[in-house]
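If you read the sequences in order, they're chains B and H.
Numbering-wise, the numbering used here comes out as the position in the first sequence, counting from 1, plus 302.
Numbering-wise, the numbering used here comes out as the position in the second sequence, counting from 1, plus 6.
Because the hints were derived from the structure by calculation, they are not lab data.
A couple of the hints might just be wrong.
[As the list claims (entries may be wrong)] Dumping the calculated BS3-like pairs for lysine-lysine here, alpha-carbon to alpha-carbon at most 25 Å:
(1) Lys456/B to Lys203/H
(2) Lys575/B to Lys310/H
(3) Lys412/B to Lys94/H
(4) Lys476/B to Lys146/H
(5) Lys440/B to Lys94/H
(6) Lys146/H to Lys560/B
[Claimed, not checked] The calculated label-pair distances, taken between Cβ atoms and stated as ranges, are:
(7) Lys94/H to Ile510/B: 52 to 62 Å
(8) Phe554/B to Lys77/H: 17 to 27 Å
(9) Lys563/B to Asn220/H: 46 to 56 Å
Fair warning: this is a prediction, and the values are worked out from it, not measured in the lab.
Even glycine gets a Cβ: it sits at the ideal position worked out from N, Cα and C.
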Amino acid sequence: MYKIVVLVKQVPDTHNITANAMKEDGTVNRAALPTIFNPEDLNALEAALEIKDKFGAEVTAITMGPPAAADVLRECLYRGADKVILLTDRAFAGADTLATSYVISEAIKKLGKVDIVFAGRQAIDGDTAQVGPQTAEKLDIPQIGYMLELKSLKKDVIEVKRAIENGVEVVKCKLPVLITVTEQTNTPRFPSAKKVAVYKKAMTKSEINKIDPNQSYIDPSKYSEEYLRNKGLLIEEWGLNDLKLDPSMCGFAGSPTKVYKIDSVVLEAKETKNYEPTFEGVSTLIHELIQQHIIG
Amino acid sequence: MSREVWVFIEHNNEKVLDVSKELLSEGRRLADTLKSELCGIILGDDNKKFYKEVFGFKTDKIYSIEHKELKDFRALPYTTNIVNASKKFNPYIILFGATLTGRELAPRVASKLRCGLTADCTELKIGDYTQPGPQPKVYKDLLLQIRPAFGGNIIATIVNPEMHPQMATVRPGVMKMNEIVKFEGKVINVEPVIEEKDLVLTIVEKIKQEKKVNLTGASIIVAGGMGVGSKENFKLIEELAKVLGGEVGASRAAVDAGWIHKDHQVGQTGVTVRPKLYIACGISGSVQHLAGMIESKQIVAINKDPEADIMKVAHYKIVGDLTKVIPMMIKAYKEKV
Ligand SMILES: Cc1cc2nc3c(=O)[nH]c(=O)nc-3n(C[C@H](O)[C@H](O)[C@H](O)COP(=O)(O)OP(=O)(O)OC[C@H]3O[C@@H](n4cnc5c(N)ncnc54)[C@H](O)[C@@H]3O)c2cc1C
């Protein structure tokens, strides 16, 4: 059975960014933004689940983020992931892609033998497309970017069609390998109603701790780590100490890139010439463009 | 200390890609500011054919790494060889095109060298940076890496104060390409490093699909957005483009609607263009769209909504219904010439 890891991320929904999500100094008020499952990570999960359906595999989804990122891990369980892990620690905050891939790669190493790591090409909050390749480098395994189609998987050799600059390419690679997936690769499945019914109760330790046992409708025995673990409903949380990480390589401290400044996007108010939407107006514009040698 | 500015020269075994020439042009400017040298690093199996073109951007040095295993791009052997050369010659800056290749290669190299990398920069500058803290520390002459972030809603300036080289990628079409001049620099042949473990991935088949549209090279672009309304109406955009001798562009919304192929998409996740004339029809002017066309010399906006953001960046505007305005433009143009 193949062991597959999928990297997922919870991201602010930059599609629906509105004025009230911007602070006065031009920075983004993350708290005011709804969060979503990073779109291309759903494609990565789908790629893993398709292999599971066809060849048999154990699929583990990993995310690094704040405690609230447990949401995307539940989404993975709803779709068919077997195991999910949340990498969370104050020490991980402020990480750039290098520090992020360090933590993720150490978590993957802790899982033991892994055959394939799938990652979405990029996350919509940064669009960097760096964490996939950097995680592959830290694991010292090859990478295949922009998978379009899985051609074959035979024992420990995978054949993949992928996009390259000005074309496509079929490559063959010995496992283990990290593969990045795009929105063109596949169509992600919907959550299964049956799985939602089971896994909506899945929780992390932090979430258990937040529950007020004095609420009358709460049965405290059902909200212990042990109870949930036995039921297969405990979402594992790994931090700095669980992974025995070097704090100087995590989070802000471990990030070589620093944000010097942030500017809000200001649209320049240029001098604009206005033309009427009449034949006369349009003709005047065309005439002007020809005069200026812009067209003609 | 060396302050060399390196540009990774991307090629398809026949010619150097435009993005590398754009980066050489930009790299020349940075190297001049730093009073240092501009260098190209070429990996391949027969690099000589690229020398003249690379030197044509006043490139002081070419680092050439040749081996038959380096003929086509593969992330592992390419990473090993760039890392090896970087350790040997200590560049101050390395720039990559943000092509599919560059975006796969640069992160791997940065990870191996443990240095910072900023993707998709839209502007590069040299400047000083003061690290805040109880004892502020000043770093002189850093590479200021400027890029849109958060889906284009903000512009961030990133620096890599400590861990060098400073690395950045830049998308095709963003930097201006200089004219090629006659110039002869120095070639330094670097011994290739070919390790068995880097060759676990093999290329079975390569199928070239040249993009049919050349938006980056077009001097006139007529672009349609959601306001065009239908696939049928999109023919108006195509007709105006044809009459003016331009290319067809589109917003992502128009692409998503299925009115036109993705190759025509302008913007943050499409192509970056800087034509002489950009005619935006029924496009609202989202930050993501503007990111791809704001550098156009002249912008004409046709929109029903006088308050649309595209109107704020337009040099010429017509407030009106494009289905009426465009046919009039075609007619007016045909009458004038
Ligand atoms: C991560 C990310 C990346 C993105 N990348 C890109 C990108 O690369 N390129 C891109 O374009 N978008 C991109 N987008 C999408 C972008 O946010 C906008 O949704 C998109 O650009 C809107 O397209 P539009 O202007 O055509 O549509 P709309 O915003 O719907 O605007 C339509 C306009 O048409 C006008 N109109 C309507 N009818 C008429 C008429 N009859 N005559 C004249 N005017 C009319 C309206 O007044 C309106 O201004 C991206 C978004 C995200 C989140």
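Hints, one by one, checked against the model:
| no. | hint | in the structure |
| --- | --- | --- |
| 1 | Lys456/B to Lys203/H | holds (20 Å) |
| 2 | Lys575/B to Lys310/H | holds (16 Å) |
| 3 | Lys412/B to Lys94/H | violated (34 Å) |
| 4 | Lys476/B to Lys146/H | violated (46 Å) |
| 5 | Lys440/B to Lys94/H | holds (22 Å) |
| 6 | Lys146/H to Lys560/B | holds (15 Å) |
| 7 | Lys94/H to Ile510/B: 52 to 62 Å | holds (54 Å) |
| 8 | Phe554/B to Lys77/H: 17 to 27 Å | violated (41 Å) |
| 9 | Lys563/B to Asn220/H: 46 to 56 Å | violated (36 Å) |
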